[in-house]
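Chain B: place on chain A using the hints.
So the chains spell out like this:
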Amino acid sequence: MLNKYIITVLGKDRPGIIAKVTAELYTLSFNIEDVSQTILQGEFSGFFIVTGPDNITPDTLMEAFQRSTSELDLHFHIKEFAGKTSDWATCECETYVITTRGPDRKGLVAQVTAVLANHNVNVTQLQAVFRGGSEPGKNIMIYEVDVPLDIDQEKLRKAIQTKAAELDLRVSIQHKRIFEAINRI
Amino acid sequence: MLTHREILSVLEMLENENLDVRTVTLGVSLLDCSSDSIKRLRTNIYDRITHVAQRLVKVCDQVGQKYGIPVVNKRISVSPIAVAAAPFGVEEMVAVAQTLDEAAKIVNVDFIGGFSALVEKGMAHGDRNLIDALPQALSSTQRVCASINLASSRAGINMDAVLLIAGKIKEAAKLSADHDGLACAKLCVFANIPQDVPFMAGAYLGIGEADVVINVGVSGPGVVKKAIDRAVESNPNMDLRQLSELIKRTAYKVTRAGELIGREVADQLGIGFGVVDLSLAPTPNVGDSVGEIFQSLGLRSIGVPGSTVALAMLNDAVKKGGAFASSNVGGLSGAFIPVSEDLNISKAAADGCLSIEKLEAMTSVCSVGLDMVAIPGDTTVETLAAIIADEMAIGMINKKTTAARIIPVPGKKAGDHAYFGGLLGESVIMPVNNASGGNLFIRRGGLIPSPIHSLTN
Numbered sequence: 001m002l003n004k005y006i007i008t009v010l011g012k013d014r015p016g017i018i019a020k021v022t023a024e025l026y027t028l029s030f031n032i033e034d035v036s037q038t039i040l041q042g043e044f045s046g047f048f049i050v051t052g053p054d055n056i057t058p059d060t061l062m063e064a065f066q067r068s069t070s071e072l073d074l075h076f077h078i079k080e081f082a083g084k085t086s087d088w089a090t091c092e093c094e095t096y097v098i099t100t101r102g103p104d105r106k107g108l109v110a111q112v113t114a115v116l117a118n119h120n121v122n123v124t125q126l127q128a129v130f131r132g133g134s135e136p137g138k139n140i141m142i143y144e145v146d147v148p149l150d151i152d153q154e155k156l157r158k159a160i161q162t163k164a165a166e167l168d169l170r171v172s173i174q175h176k177r178i179f180e181a182i183n184r185i
Numbered sequence: 001m002l003t004h005r006e007i008l009s010v011l012e013m014l015e016n017e018n019l020d021v022r023t024v025t026l027g028v029s030l031l032d033c034s035s036d037s038i039k040r041l042r043t044n045i046y047d048r049i050t051h052v053a054q055r056l057v058k059v060c061d062q063v064g065q066k067y068g069i070p071v072v073n074k075r076i077s078v079s080p081i082a083v084a085a086a087p088f089g090v091e092e093m094v095a096v097a098q099t100l101d102e103a104a105k106i107v108n109v110d111f112i113g114g115f116s117a118l119v120e121k122g123m124a125h126g127d128r129n130l131i132d133a134l135p136q137a138l139s140s141t142q143r144v145c146a147s148i149n150l151a152s153s154r155a156g157i158n159m160d161a162v163l164l165i166a167g168k169i170k171e172a173a174k175l176s177a178d179h180d181g182l183a184c185a186k187l188c189v190f191a192n193i194p195q196d197v198p199f200m201a202g203a204y205l206g207i208g209e210a211d212v213v214i215n216v217g218v219s220g221p222g223v224v225k226k227a228i229d230r231a232v233e234s235n236p237n238m239d240l241r242q243l244s245e246l247i248k249r250t251a252y253k254v255t256r257a258g259e260l261i262g263r264e265v266a267d268q269l270g271i272g273f274g275v276v277d278l279s280l281a282p283t284p285n286v287g288d289s290v291g292e293i294f295q296s297l298g299l300r301s302i303g304v305p306g307s308t309v310a311l312a313m314l315n316d317a318v319k320k321g322g323a324f325a326s327s328n329v330g331g332l333s334g335a336f337i338p339v340s341e342d343l344n345i346s347k348a349a350a351d352g353c354l355s356i357e358k359l360e361a362m363t364s365v366c367s368v369g370l371d372m373v374a375i376p377g378d379t380t381v382e383t384l385a386a387i388i389a390d391e392m393a394i395g396m397i398n399k400k401t402t403a404a405r406i407i408p409v410p411g412k413k414a415g416d417h418a419y420f421g422g423l424l425g426e427s428v429i430m431p432v433n434n435a436s437g438g439n440l441f442i443r444r445g446g447l448i449p450s451p452i453h454s455l456t457n
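Chains as they are written, first to last, in our numbering: chain A, 1 to 185; chain B, 1 to 457.
Because the hints were derived from the structure by calculation, they are not lab data.
In this text the structure is predicted, and so the values were computed from the model without any measurement.
Treat the hints with caution; some may be incorrect.
Claimed, not checked - Negatives, chain B to chain A, calculated, CB over 10 Å:
(1) S34
(2) K174
(3) A210
(4) I271
(5) A312
(6) E360
(7) R444
Said to hold, decoys possible - Covered stretches of chain B, going by a simulated chain A footprint (3 or more residues, C-beta under 8 Å):
(8) 8 to 22
(9) 62 to 71
(10) 251 to 261
Beta carbons: idealized from backbone N, C-alpha and C, even for Gly.
Bound-form chain B, shown alone:
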């Protein structure tokens, strides 16, 4: 028998704390779509996606209604297109992106991820063509997301690819200049990319995954914030051990909801269940912010001294609670700090409390990286590459995932505003050190060798 406290606490989380399932992502392998004809390949890809995913949105909505917890986004991740379309050239790669876009529209998912390549140790023919196709592919489609893995703890950092991709980011920004470089918001570069991320823009279906799989991304920054607020109100002297325990318990609840819904969607679609990604994912809405959690914990704003340690505690507590709640955890699993997608973080950037350097430091203790960071449009390719390489180094050395999703906003300078719209939000353009300078270190290129895996200080 349920107690009324149990029932009311769930209703409170739903109505006032923005509890939802942020994404149910259907992974679809495209490796058996291969053909020597681009036309045939595109048809195969379109047919496969529209066939497998035709009931996805409907089932997610039904299950969401059954439990009273909405599945906000339904998405698809596919095998890396650099592999699935390996024999083809740049123009054909763009055509494949357009096919993905059309399939996504038909099945009514908001994003499809997997226009991806894994180049941490070297670039194959297909990888290179996919990277060259990125600017055109991302600016001529709405729903396609791309990811490139540039580094790993096992392989090192492919600095040639880092410099190449920085150039492509600039080109993509230019091609979508009318929308403040929106195309770049759909491209995420990684160190140690997981094969099962359900969140965009990094979602793709890894080569080691099954034919089809359901992965779930939970949310819940609002739930964590309100839990902290309530606890601190009733006991203003709560110490950090107690707050960490509270966050852990709250993360447990949020994860349980995501796992239940993900498993039921998978069952109803007759597809295996993959993982729950335990990430605190914000949206640009009041009360759904990771930045606000920092203030509830007692910091003036995210970005001030103390932010890295607060994030470390938050991230670890979320993982502990979530790992206990779910039998299969994967993806990024941690707190996201995307600047433009989080009202509070973007305000901290505008107020000058948060700099790119502090963001970078914080990414060493959280799940993602420099995410949705708008920088001046005149930032040089070499400086952009250097920012990315720094972020890759944090991931490589610390054996964790890091990523960069940076938008050099054309025609805008530090302090101006960029508007991306919807979930992608808006942000002040953050100043960049040496924005217009060159960088000989980056120009040298080559592969930075994989790090030593002992002597771990």
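Only chain A is shown next, with the shape it has when bound in the complex:
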């Protein structure tokens, strides 16, 4: 019986983070099933789903990581993989891209995503594209979202547009396929 863990790693980005973490996993006979990483403003964040021998607990793993990466000042979080996917993931969806442009302010993401949550719309990617800094019109957020097929799309569209108008944002809601069609072969 194999143990399956989710490991997250946070720390200042620099060469060698992934090398050290994966070397330790290899030493302990773990296999990486899935991995993703991103870097924001110089901060590294890694997300691993691994399987390994059943005699290694999260605590043992944590100690091993801390010992081998002490000079990198990394923070780890390890938990057992729950296995079952949530009910939500099983519903039929279409992927849309929502883009908001307008002045940056506190609570902007919270208010937009609250509308999405109310309509059972799941955010799968969220990117802040702050271009231009002082130029308010250039502040851009891009949400990639899964919209369930069985909801009233017109109502959702109206709700997002109303909220965007309140927040002084220009918003566009477009099916993802148009971006793929135009940009990709």
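This is chain B only, laid out in the frame that chain A set:
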């Protein structure tokens, strides 16, 4: 996962570069509407169009909203009425045009095309009656468009029909004199007319087509212009090979958008998808002009020396990019240079940079022809016929489509202005060589034989 660059470039094309789908055109065959009673025929035509097209506008709007790209025009093309209404006389033909107009109004499309006849080799009874009905039909309807095929590379040029149609154009202009001859803006004459054009005024549903079909006309002169401007700004030394590659890539993007939307509209209507027409189609708005592309490429204005070669490069690059982007390409597919419909081209005509002769030369390397050209109202039928015949010859010899949509504006002379309104725009009246003269060559009539298809120099 999409990158933010991919998303933002599409938004930029939509917001600042006038990217849209210029037209989704529903082709409807009327051949099974035939009857020996004109009343029955009109009822059948009306019922068929209103039934097939009832959801067209709504679905186009919904799909446009889904992808965030507007379908600007929704249109219908029908079987050539000269065939569908072949047994009937001139007055009945006019009545059929009025039926088409009523059906178009009910389903809320802005134009319905197909008041058409194919006479490149000879005129049948129905063809002749339809041509005779043109002035009345076009001046008593708002949305009906007509097209006549006068020549083909296989058949030659029907010079009798050329002269006949020139007379009808003059009559149509006279009947719509209050609107600067607007009726003529809804009539396009062709050499080698394609069966699947989605653009007006040339759209009709060919005899070789299915019962119903969706064809799409893309747009995008603004997108091409801005792409060139951006590229030249970051690298002022771009050469023409690089610019051609850039236009090709841009045409690819524009076409992909059109194809996606066209296919989805067709799916939702349960109708087969026909073709994407890869034309750069301008509107009389700033930033949506083919003429402006010439300036971005480095010419002082469209019409100056160098315009033909620039257009050749532009047209070829658009075709290459578009052909790669779409699985079914058809229609006219190339750049349009309609004078009154393009602010920049109409300005070039007003400034004296662009003459009819240069326009004619340019039509040998682009997709259409002398399009939306306003000429003096006193231009003789023979001179008008001669201009048309010259244009037909370019198409016939070069095995390509050419067309003429010429408006002899009643009561106005060269240098005056004509106003057609809306998408049809406005233009200076362009001077015509030998405007008031006769033309014995044209008067001789007959059929100019089809050209030799080898020895191709």
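Now for the hints, and whether the structure bears them out:
At roughly 41 Å from the closest C-beta of chain A, the C-beta of S34 (chain B) stays outside 10 Å, upholding its exclusion from the interface. No beta-carbon of chain A is positioned within 10 Å of the beta-carbon of K174 (chain B); the least distance is around 47 Å. Residue placement check: A210 (chain B) keeps its beta carbon more than 10 Å from all beta carbons of chain A (closest about 25 Å). In this structure I271 (chain B) is separated from chain A by more than 10 Å, as the shortest Cβ-Cβ distance comes to about 20 Å.
Distance check on A312 (chain B): its Cβ is at least 26 Å (rounded) from any Cβ of chain A, clearing the 10 Å threshold; non-interface status holds. Every CB of chain A lies more than 10 Å from the CB of E360 (chain B), the least distance being 36 Å, so the non-interface label holds. With a least CB separation of 53 Å from chain A, R444 (chain B) remains clear of the 10 Å interface cut-off, as annotated. Counting residues of the region 8 to 22 of chain B whose CB lies closer than 8 Å to any CB of chain A gives 6, which reaches the minimum of 3, so the coverage claim holds.
Only when three residues or more bring their CB closer than 8 Å to a CB of chain A does the claim for the region 62 to 71 of chain B stand; here the count is 5, and the claim holds. Three residues within the 8 Å Cβ limit are the bar, and the region 251 to 261 of chain B against chain A gives 5, so the coverage statement holds.
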